[in-house]
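Asker: Read off the chains here:
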Amino acid sequence: MKKTISIHLVGSNFLVEEDAYELVKNYLDRLNESLKNSLDKKEICEDVELRIAELATAYLSEKKQVVTFEEMSTIIATLGQPEDFLEDEIPNDNNKEDKTTEKIFSKKERRLFRDTENSVIAGVCSGLAAYFNIDTVVLRIIFILLGFAGGFIIPFYIIMWFIVPSARTNIDRLQMQGKPINLENLKDEFQEATNRFSKSSKKFEREISDKDSPLRQKITHISSIFTKIIGAAFLIFGSLLLIGLLTFTFVDWEVLHIEKNGFQLNFNQFCELFIVNETSAFYLWIGILISGLGVVSLLLLQGAKLIFHLQSKWIKIVKVVLFIVTFSGIGIIFLEGSQTGADFTNRGEFEQILGPDTTNVLTVEIVDRNMTNNIHNDDDFDFEGFQILENKIIQSGISIDYSLSEDSLFHVYIELSAFGKTNSIANQRSKNIKHTISLENHNLKISPNYSYSIKDKIRGQTVMLKIAIPVGKSVQFRNTIVHSEDIKDSGFINRYGDYEHFEHED
Amino acid sequence: MSLENTKAQMRKGILEFCILSILKDKEAYPSEIIEKLKSAKLIVVEGTLYPLLTRLKNEELLTYRWEESNAGPPRKYYALTKIGKAFLEELDATWDDLQMAVNKIVKN
Chain A
1 MKKTISIHLV GSNFLVEEDA YELVKNYLDR LNESLKNSLD KKEICEDVEL
51 RIAELATAYL SEKKQVVTFE EMSTIIATLG QPEDFLEDEI PNDNNKEDKT
101 TEKIFSKKER RLFRDTENSV IAGVCSGLAA YFNIDTVVLR IIFILLGFAG
151 GFIIPFYIIM WFIVPSARTN IDRLQMQGKP INLENLKDEF QEATNRFSKS
201 SKKFEREISD KDSPLRQKIT HISSIFTKII GAAFLIFGSL LLIGLLTFTF
251 VDWEVLHIEK NGFQLNFNQF CELFIVNETS AFYLWIGILI SGLGVVSLLL
301 LQGAKLIFHL QSKWIKIVKV VLFIVTFSGI GIIFLEGSQT GADFTNRGEF
351 EQILGPDTTN VLTVEIVDRN MTNNIHNDDD FDFEGFQILE NKIIQSGISI
401 DYSLSEDSLF HVYIELSAFG KTNSIANQRS KNIKHTISLE NHNLKISPNY
451 SYSIKDKIRG QTVMLKIAIP VGKSVQFRNT IVHSEDIKDS GFINRYGDYE
501 HFEHED
Chain B
1 MSLENTKAQM RKGILEFCIL SILKDKEAYP SEIIEKLKSA KLIVVEGTLY
51 PLLTRLKNEE LLTYRWEESN AGPPRKYYAL TKIGKAFLEE LDATWDDLQM
101 AVNKIVKN
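Protein sequence lines, in the order shown, are assigned to chains A and B. Take the first sequence: its letters are residues 1 to 506, numbered as in this note's numbering. Take the second sequence: its letters are residues 1 to 108, numbered as in this note's numbering.
In case anyone wonders, no lab produced these hints; they're calculated from the structure. Take these hints with a grain of salt, some might be off.
[As the list claims (entries may be wrong)] Dumping the calculated DSSO-like pairs for lysine-lysine here, alpha-carbon to alpha-carbon at most 27 Å:
no., chain 1, residue 1, chain 2, residue 2
1, A, Lys42, B, Lys36
2, B, Lys12, A, Lys41
3, B, Lys12, A, Lys36
4, B, Lys76, A, Lys25
5, A, Lys41, B, Lys82
6, B, Lys38, A, Lys41
7, A, Lys41, B, Lys36
8, A, Lys64, A, Lys3
[Said to hold, decoys possible] Listed next, with one range per pair, are the computed distances between beta-carbon atoms:
no., chain 1, residue 1, chain 2, residue 2, range
9, A, Phe132, B, Glu27, 52 to 62 Å
10, A, Lys228, B, Pro74, 50 to 60 Å
11, B, Pro74, A, Val138, 47 to 57 Å
12, B, Pro74, A, Gln65, 16 to 26 Å
13, A, Arg30, B, Asp25, 33 to 43 Å
14, A, Gln65, B, Ser21, 32 to 42 Å
15, B, Gln9, A, Ile134, 36 to 46 Å
16, A, Ala58, B, Glu67, 11 to 21 Å
17, B, Pro74, A, Ile153, 54 to 64 Å
18, B, Pro74, A, Ser224, 43 to 53 Å
19, A, Ile134, B, Glu59, 45 to 55 Å
Heads up, the beta-carbon is just placed ideally off N, CA and C, and yes, glycines get one too.
Next comes chain A alone, as it looks inside the complex (with noise of 0.2 Å):
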């Protein structure tokens, strides 16, 4: 598809090709230039156009309604050039023969283009190199070196694409290069154009479209920049990813990395803490290994695509295939962690007695505060309240709940709680919790550390001291009393054994 444009020539209308027009418009002001200190120049510049009027209709038929470029070259060399045959017609300055060579040298004849066709971003650096007749690659490297030294070069380049237009048409080309605008010239320069646009048909048609209009060609040139910036994008994040992924597969991955205490917890070490059981932490493997894999793969895939301007129905077949893979693989992590989340549905509380004190002060002796002393070997680690050891789970943390007795004596429970699949197991897993609290000759010995066993996993297993105080009485901990008035307050012995007071106004 060109673009066609309708034409004047004394007499007669003729609809011609955009790159014709210019051709001939170039032409006919050369001839004008050329004759500008001529009486004559009316009516030779009238005659001139009498004939190409004239050739040109003879191109035409019923059914071929428009003159083409090459038709429009064959009818300029048929006429000749201005600067040839006016020669010795139009009286001229003295140094024409300087003139004529000079031409294909001087810079004034030279006009500033972007090369497009030529462009690595916007055709800046390949322009400016053919205006001052330097190497493109030359110039491309002092920009970059530029671009590395300060900033300045940017909003340069990016001023000069939308300053500067884009070499559109042939005579452009020849004008942007310098050379004189001739038919041999023109004729190298259209061979040349083929040659480039038959290359690659997809080019040819981006460049062919691409004629509507500068605006939009800008437009679609940036977005095609920002596209292969994204592409970048995409490579880069899928090859972090990938490497992420193959250090879970063959090296240990971590699931949570605490700086304080060098805490590392290994996916290995996550499932036998969390999932289920290990078929399901397999599962869970293989679903994070295939999802893993299938976004990897589409991110590589996809940023490839946008880069190198890939088409072709395999990729959007293997893009297909890949997130059927991705899904399935997140389905299965879905799935096997639903599973896991069961475990979590029902809540289960086993209460033990401590029995009634007779006491006005209740003390409490907090022990065991140093929980530290448990690890033992390179497998064994504790983060934030937590200590894994090979077999048995340490947790730490005690909450206090106060209640106003109903009659005069201290009444101390303690109330385990679990959570698990069902009720039994839930309620289960509270029994099997195990701790050190007691309640001894008025004195309460809480050590805030409480253990179950690996198996059970963790299922948010709590620990609650419950103590009713009778009217008038008082429960003495190290540096806090808390009264019978104070029971709508709470406490807390923390994993360093500590007591905290917490004061609920209402």
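Put chain B on the given structure of chain A with help from the hints.
Answerer: Same frame as chain A, now just chain B:
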């Protein structure tokens, strides 16, 4: 001075004479003149003709009239004026002399 240049100079010198000769018996429009000059290899590019025609017209050797064409744009039909005819006769005589002179030198 190159060969091409010399050839061009020689052609140019006799071009006016040839144009006037073509118009000697009947009027013609530029395309016809071009055809004849081209077939005689006197011109390479057509553009050469137009400034010449204009100059000859300005010197009142030629005159022209417009005529509509049924195919294409209107045509300018050129014809010799009285002055032109006289001028041509002069040139004819000169050409005969020149031809003889040149032949005499070149062939012997």
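Asker: Now, for every hint given, state plainly whether the structure supports it.
Answerer: Status of the hints after comparison with the structure:
1. A:Lys42 with B:Lys36: holds (26 Å)
2. B:Lys12 with A:Lys41: Between Lys12 (chain B) and Lys41 (chain A) the Cα gap is close to 21 Å, so the pair holds against 27 Å.
3. B:Lys12 with A:Lys36: Distance ~23 Å between Lys12 (chain B) and Lys36 (chain A) Cα, so the pair holds.
4. B:Lys76 with A:Lys25: Status holds; Cα separation ~23 Å.
5. A:Lys41 with B:Lys82: holds (26 Å)
6. B:Lys38 with A:Lys41: Holds, at roughly 24 Å.
7. A:Lys41 with B:Lys36: holds (25 Å)
8. A:Lys64 with A:Lys3: holds (15 Å)
9. A:Phe132 with B:Glu27: 52 to 62 Å: Given a distance of about 55 Å, which is inside 52 to 62 Å, the answer is holds.
10. A:Lys228 with B:Pro74: 50 to 60 Å: holds (57 Å)
11. B:Pro74 with A:Val138: 47 to 57 Å: For Val138 (chain A) against Pro74 (chain B), whose Cβ atoms are near 56 Å apart, the range 47 to 57 Å holds.
12. B:Pro74 with A:Gln65: 16 to 26 Å: About 21 Å separates the Cβ atoms of Pro74 (chain B) and Gln65 (chain A), which means 16 to 26 Å holds.
13. A:Arg30 with B:Asp25: 33 to 43 Å: The hint (33 to 43 Å, Cβ to Cβ) holds, given that Arg30 (chain A) and Asp25 (chain B) are roughly 37 Å apart.
14. A:Gln65 with B:Ser21: 32 to 42 Å: holds (40 Å)
15. B:Gln9 with A:Ile134: 36 to 46 Å: holds (40 Å)
16. A:Ala58 with B:Glu67: 11 to 21 Å: holds (18 Å)
17. B:Pro74 with A:Ile153: 54 to 64 Å: holds (58 Å)
18. B:Pro74 with A:Ser224: 43 to 53 Å: Since the Cβ atoms of Pro74 (chain B) and Ser224 (chain A) sit about 51 Å apart, the hinted range of 43 to 53 Å holds.
19. A:Ile134 with B:Glu59: 45 to 55 Å: holds (51 Å)
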